[in-house]
Amino acid sequence: MRVSDSSWTSPRGNFESVPTSLSSDQRFTAERAFSSVLVSTVREVVGDALGRNVLEILTSKGLLDASNNAKEFDLKLQSLFGNGATVLERIVVKDLNRKLGIPYDSEARFDYEKSLEKAKEVCFVESRLK
Amino acid sequence: MFRGEQAEMIGSEILSTLLGSEVRGDLLVLFHRNPGLIDTVDGVARRIGRTTVAVINEVRELLELGVLRQKRIGAFEVVSLDRAKDRELLESVANHLKTVRISGEK
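If you're matching them up, the sequences are chains V and Y in order. For the first sequence, position 125 matches number 125 in this note's numbering, and the numbering has no gaps at all. For the second sequence, position 55 matches number 1055 in this note's numbering, and the numbering has no gaps at all.
Be aware that one or more of the hints could be misleading.
Here are the simulated lysine-lysine pairs, DSS-like style, with alpha carbons at most 27 Å apart [claimed, not checked]:
1. Y/Lys1071 - Y/Lys1085
2. V/Lys99 - V/Lys114
3. V/Lys118 - V/Lys71
4. V/Lys114 - V/Lys71
5. Y/Lys1071 - V/Lys61
6. V/Lys71 - Y/Lys1071
The set of hints was computed from the structure by calculation and includes no laboratory data.
Between the sequences and the hints, there should be enough to build the whole structure, so can you do that?
So this is what it looks like as structure tokens:
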């Protein structure tokens, strides 16, 4: 099933694939819905893996401000956790996929940015069907 | 070595061990979301959708670190979260992270 008819690049270089058949209101609503799910998932995963104190420290350092920008978030996470960043990102994607009903394959090659793009497309398709 | 340097090194080592693999991350999330959980390694593996083989070494790492503890109940060896030790380790991690500069941080 093709879910995206065109692509665009936002000024911050984040998610690129957006279905064209959404009205601007629908797109705005879908963007906000996805952003909300993503940020809450990142908070849950970091808090549940490393505790509330760590979550508060990372929040104060602005990590969560970058949750919606996969590249920036990845860079910040790498600077804090090194190789552990990928572990957290995988858990974020796994939880996000579970919430959105997307299958997760832990054996597949992992790309955080592409995983989020895919999850966002599902959000947009669901918005289009409503 | 100064005490501060030692504390920082320990915090970073703890962090590396805690996030040493995806399975270990899954185990941390499982036990933190269910702090009263007591189960066999087989049971824990099922709960995170993995095989016992994939989980056993990761559980061992967390036992060695002290996040988990093991005891025998009847015929079964079970593991559970050592809440006091876990809190202590996460505090070290938090203290370490306070000193690390995040990319783009002013």
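Structure-based check of each hint:
no., hint, verdict
1, Y/Lys1071 - Y/Lys1085, "16 Å, holds"
2, V/Lys99 - V/Lys114, "17 Å, holds"
3, V/Lys118 - V/Lys71, "15 Å, holds"
4, V/Lys114 - V/Lys71, "10 Å, holds"
5, Y/Lys1071 - V/Lys61, "39 Å, violated"
6, V/Lys71 - Y/Lys1071, "44 Å, violated"
Hint check: violations occur at hints 5, 6; the rest are consistent with the structure.
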